[in-house]
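Residue numbers (my numbering), protein chains in the order written: chain A, 1 to 396; chain B, 1 to 327; chain C, 1 to 155; chain D, 1 to 145.
Treat the hints as calculated values from the structure; they're not laboratory data.
Note that beta-carbon positions come from the ideal geometry of N, C-alpha and C, so glycine has one too.
A few of these clues could be false.
Taking lysine-lysine and the BS3-like style, the derived pairs with C-alpha atoms no more than 25 Å apart in a straight line are [as the list claims (entries may be wrong)]:
1) B:Lys222 / C:Lys136
2) C:Lys81 / B:Lys222
3) C:Lys81 / C:Lys10
4) A:Lys52 / D:Lys59
5) D:Lys140 / A:Lys52
6) D:Lys140 / A:Lys293
7) B:Lys222 / C:Lys10
Pair ranges (Cβ atoms, derived) [claimed, not checked]:
8) B:Ile62 / C:Thr108: 21 to 29 Å
9) B:Ile62 / A:Asp32: 26 to 34 Å
10) D:Pro92 / A:Phe180: 54 to 62 Å
11) B:Leu300 / D:Arg81: 57 to 65 Å
12) B:Leu300 / A:Arg163: 53 to 61 Å
Quick partial rundown of chain A residues pointing at chain D, CB under 7 Å, derived from the structure [unchecked claim]:
13) Asp235
14) Tyr238
15) Leu265
16) Ile311
17) Tyr313
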Amino acid sequence: MAEKENNKKIIIPFGPQHPAFKESMRLDLCVDGEIVEYADIIVSYNHRGIEKAAEQRTFLQNIYLIERVCGICSHSHTTCYCAAVEEIMGIEVPERAQYIRSFIGELERIQSHLLWIGVTGHELGWDTLLMYSWKDRERINDMLERITGNRIHYAMNTFGGVRRDLSPGDFPRFKEDFDFLEERTKYYLHVIAEEETFLKRTRGIAFLPTEMARRLCAVGPTTRASNVRIDARADDPYAAYPDLDFEVVTHDSGDVWARTYVKALEILQSIRMCRQVLDEIPGGEIRVKAPLKVPEGEAICRYEAPRGELIHYVRSSGGTMPDRIKIRSPTFGNWVVATELLKGICIADVPIVVYAIDPCMSCSARITVTDSARGTVTETTFDALRRRGRQGKGAV
Amino acid sequence: MTGILEAAAYLLIFPGFLFLLCFGLFCEWVDRRVYARLQNRVGPPIFQPFADLIKLMGKEDIIPTNVDRLLFQYMPLIAFASVMTSVVFIPVWGTSAILPLPGDLVVTLYLFSILPLSFFVIGWSSASLYPLVGGFRAATMLFGYEVPFILTCLAPGMLAGSWSVTGIMDYLAVHPASMLVLLPGFAVALVALEAKLERPPFDIPHAETEIVGGVFTEYSGKKLAVMRMTEDIGLVVGASLLAAIFLGGFVLGDQTFVWSGMDWTPFFNFLLYLAKALVIVFLLAMIRTLFARLRIDQMLDFSWKYLAMGGLFQLFIVMVYAGFIGR
Amino acid sequence: MDLMTWARTKSPWICHFNTGGCNACDIEVIAALTPRFDVERFGLLLKASPRHSDVLVVTGPVTLQTQERLRRVYDQMADPKFVLAVGVCACSGGVYHGCYNVRGGIDTTIPVDMYVGGCPPRPSEIIDGVIQLIGKIPGAGSVPDVTEPKGGESG
Amino acid sequence: MMSEQVAGLIRDMFPGIGVTIPRERRITVYSTADRLHDVLRGLHGAGVTHVTTITCMDKIERGMFELLYHLWWENNLITVRIEIPRAIPVIPTITTIFPGALSYEREIQGMFGIQVENIPDPRRILLSDEFPLGVYPLRKDYEVK
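Generate the whole structure from the sequences, applying the supplied hints.
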C-alpha cells in the first residue's frame, strides 16, 4: 500500500476509557471522513503478566489465579487448566464430576451469550435489548449462585474433580428455568430476525468470507458464522461431551447478524445439553484424591469457551510449581480478523464490528494487532486534528 | 403600565419561563419514566430532573484551553432563548396565543430550527475530536429531517388557509373532522420531531457508544445544565406545536363552562392542552424505546424516502380535501 | 442540608473505567443498571464522558499502561468528584499483586473515597457502596435512607 | 482421521522426521529450526490452515529456547517442536504461510527477546510503553521485583 500521508487523515482513538468497550483497550482508527482506513488495536492496558505470576505459585494456588484471567469465561479457564494437569498426573476424574463440569460450562456459555446479545444492543444504541436480555440472564446467575455460591468466578474445579455437588432437589426448579430461557431465546431469535433497525445495522456489516476466516485462523462463533465448522466440543471432546449429543451451529452469511444468530442458536443447543445432563447424570463421588507434587511431563488441553477455542499448555518439571503455563485465549486468535474487518467501514459501525467478535480483553490481554501492510504509526491525534481531514476547511 | 406588567407576567410566569421550566422538567421525567417502565425498570423519582439540574449548576465549569471561547460559552444561551421565544406563538389556553401574528407558524418553525444548528456550532467550537465528529453529524442530519418537518407542519396551514397557529386552531376548532385528514402528517411530524430533538433512534450526534459524549463531550457544569434545559423545553415546545396544529380540534368553545359567575373554559382548555402535550411526549418515548440507532447515511436515506414522501402525500391530501370538498 | 447538597446526593452520575481487571466487576457494575437492581431509582446514570460525571467507578488493578490514563481521566472530571474502587483488585491489586505489570490498587494513583471489596462484589453491594459514598458528601450528614424495593427482592 | 493415519501421512511427507503420538488426537513432530519452514510449508500444502498458537519455553539449564508450533488439522493437534540456542535466538517468520500467526510471533519477540526474521510488524505487543526496552519478562533469569 502506498505510504499514506498521515496528516490527510484523522486518527480517532477509541478508549482506553470508552463506553463502547467495557474493558480498557485502545483502538486507533485512521479515518478518511467517516470511513475507516485501517485500525490498530492496542490491548496492553489489560496485560497483568499472569503467565509469569503462575510460575511463582504452586499448581493448587494457580487454580485461584487462572480463574481470574477473565470474568465471563472463568470456568472455561479452570476446567482447561485442571484437565491438562490431570492428564500429566494421569488420574481419572469420576464420571459425575465430568457431567457437572460440562453442566457449569454450558451454563456459563448461556450467560455469556445472553450478556453478549445485550451489549450488542447497547452498542447499537438499543438499550431495551440490553435490559431485556440481562433481566433474563439474572435467572442463570441465580441458578449458578445456587449451585456454586457465586454469580461469577464459581471456583468449582479442583484437581481430580469438582468441589460441590448438584443436589437433585433443585432439578425441577432448574428445568423450569430452562423452559423459561428457551422461550425467551426463541423470542430473541424472532427479534433478531424481524426488527428492522437491528437488521439495518447488522446485515452485511463486516462480512467475513469462509476462506479469510480459515486463513486468519478465526475461532468460535465468529468463524462458525462463516461456515467454518471448528468446535472443540465436537472435534476434540472432553469432560462429558462424548456422551451429550448436540449439533455444531454454523451459518453461511458471515456478517455481524450471522454471528448474533449463531450465538442465539448456540444458547438453544446449550439448554438442550443441560437438560440431558439433568436427566442422565450418573451417581458416584465427585472428587478423587490428587497428589500435591505433579510428576514431570507436559500436556495441552483444548476447550470450547463461549468465545472460541481456548488452549492451555502446562509443563511441569516434577515439583509443586509449574515450569511453564501458556494460555491462548479465544479473543487472541480473533484480533487479526477484527483488524481485517475494520477496514472500509464507517465510524458508526466500529463498536459493533469490534464487539461482534465478542472481544474479551482480559482474556486476550496480550496482543496488539495491526494492519500488516503498513509501517509503524505514531499516534498524533491532536496534530492530525489540526490539519483536519478531507473537507479541507483549514486548520481549526 | 398594567399592560407591561401583564406582558411581563405572561413572558416570565405563566406560559413563559417558569411554566416552561417546570413543564420541561415534568416532561423529561415522563419521558425517562415511560422509557424505564417499558424496559421493566422502576425509573427515576419525580424530582430527578430537578435534582440533576441543580447539581449541574453547582459543578465546576471547565473551559478547555484551545476552545473558541465566545461561541463555546454563549451558544447554549442562544439556543435556550430561541426555544423559549417560540412559545409566545403557541396557544396554551383556548385557541389564541399570547401574541398572535399573521405568519407566526413560519416564525415558530424558524426559531425551532435554531436548536439543531446550535448542536453543530457547539460541536464545532469545542475543538476536540468527538464533539467535532458529532457536529458534522448534526449538520448532515439537518438536511434529513428539516424538509419533511416543515412540509408536514405547513399542511395544516394550507388546510386552514392561514399561516398563524392561532388561525389554524380556530379553523380546527370549527371543523374538528378535518383533523382526520391531517393524521398521516401527524405521524410524519412525530418522527421528524424525534429526529430534530436528536433523540434515539436519531441521536447520532450524541451517540454515546461511538463518539463518547458526542457534541457535549467538553461541556460540564452550567453550560451542560442549560443545554439539558434547552432540550427539555425543546421537547415541550415541539409537543405543544404539534398539539396545536394537528390536534387543535380538541378544544372547548368559550363560555362552555361558566360556574358561579366565573368563566372556567380557559382553565379546562389548558388541561386539554397538557393532556395533548403529554400524549405526544408519551409517543416520542415509545419511539425512543423501540428502535436501534440508525447510521447517518441510513437516517438520510430513511428521511428522504419515507418522511419527505409522507409530507408530500399529506400536502396532496390537503389540496384534494380543501379543493374539492371545500373549506 | 441545603438545596445543593440535596441535589448532589440525589443525582450522582457515574463514569466507569476498567484499568486492567478481569471484567467480572465491570459486568456487575452494568448489571446494577439492569431491571433487577435498577440504580436509576436513586438517580444514578452511567455517563460516557468523565466531564459529565461525579463518581468515577474504577475496576481492576492499575497496570503499568493504564496508570497515566487513569490520572488523566481523573483530572478531566469536574469538581466535586469522587472515586469508587469496585472489587478487591481496585482496592489492593487483589490476586495480581506482585505481577510485573501491575502497580497495585487504585490508591497508588488517585485518591479513593470509597472501597467496595469482593471478587466480584454483587450489584447490591456496589449500590450500597455508592449510597455510603453519597453519605460522605460534605453536609449530607447521615446516609440517606434507601427504601427497600416493595415486595422484597423481586425476581 | 485417526492419529495413526495422520502420523503416517507426515512420516512419508518428511522422511526421517521424528513423529510420536503421546495421546489420542495429539501428534508431536520433532524438527529443527532450519527445516521448520519446509515442514510447515509441506503441512500447509497438505491442507493445514489453522495455527492454534506458538508456545515458547526458556530451557535455561540447557541454554536453549524450545518453540512449539501447535496446528489443528483433521481432529488432531499437531505440535512441531524446535529448539534454538539461547545465545543466537533467531527464527524465521511463518506469517508468509499462516498470516494468522502474526500475533503469536510478536508475543514471543516481546516476551522472550527472540528475533523473528522479517516479521511484518516488529512493534512490541503487550508490554506497556513504560516497560523498559531490552528486558524480557518471561525469561527464567528475569525475577519480578
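Taking the hints in turn, this is what the structure says about them:
Using a Cα cut-off of 25 Å, the hinted pair Lys222 of chain B and Lys136 of chain C holds, with the two alpha carbons roughly 24 Å apart. For the suggested pair Lys81 of chain C and Lys222 of chain B, the alpha carbons sit about 16 Å apart, so the restraint of at most 25 Å is met. Restraint check: the Cα-Cα separation between Lys81 of chain C and Lys10 of chain C comes to about 15 Å, which is no more than 25 Å; the hinted pair holds. Between the alpha carbons of Lys52 of chain A and Lys59 of chain D the distance comes to roughly 15 Å, so the proposed pair stays at or under 25 Å and holds.
Taken as a hint, the Lys140 of chain D and Lys52 of chain A pair is honoured in the structure, with Cα atoms around 9 Å apart against an allowance of 25 Å. Taking the CA atoms of Lys140 of chain D and Lys293 of chain A, the gap is near 21 Å; set against the 25 Å cutoff, the hint holds. With a CA separation close to 18 Å, the supplied pair Lys222 of chain B and Lys10 of chain C stays within the 25 Å bound. Checked against the hint of 21 to 29 Å, the pair Ile62 of chain B and Thr108 of chain C passes, with Cβ atoms roughly 26 Å apart.
Our hint of 26 to 34 Å for Ile62 of chain B and Asp32 of chain A holds, since their Cβ atoms are close to 31 Å apart. A hinted range of 54 to 62 Å holds for the C-beta pair Pro92 of chain D and Phe180 of chain A, which are about 55 Å apart. Our hint of 57 to 65 Å for Leu300 of chain B and Arg81 of chain D holds, since their Cβ atoms are close to 58 Å apart. Checked against the given bound of 53 to 61 Å, the beta carbons of Leu300 of chain B and Arg163 of chain A, roughly 58 Å apart, stay inside it.
With 7 Å as the threshold, the beta carbon of Asp235 of chain A comes within range of chain D, its nearest partner Cβ sitting at about 5 Å, so the hint holds. For Tyr238 of chain A, the shortest C-beta to C-beta distance to chain D is roughly 10 Å, which exceeds 7 Å, and the interface hint is violated. A hinted interface residue such as Leu265 of chain A counts as satisfied when its beta carbon comes closer than 7 Å to some beta carbon of chain D; here the least separation is about 23 Å, so the hint is violated. A hinted interface residue such as Ile311 of chain A counts as satisfied when its beta carbon comes closer than 7 Å to some beta carbon of chain D; here the least separation is about 6 Å, so the hint holds.
Contact between Tyr313 of chain A and chain D, as hinted, is supported at the beta carbon level, the nearest pair being about 5 Å apart and thus within 7 Å.
Of the numbered hints listed earlier, those contradicted by the structure are 14, 15.
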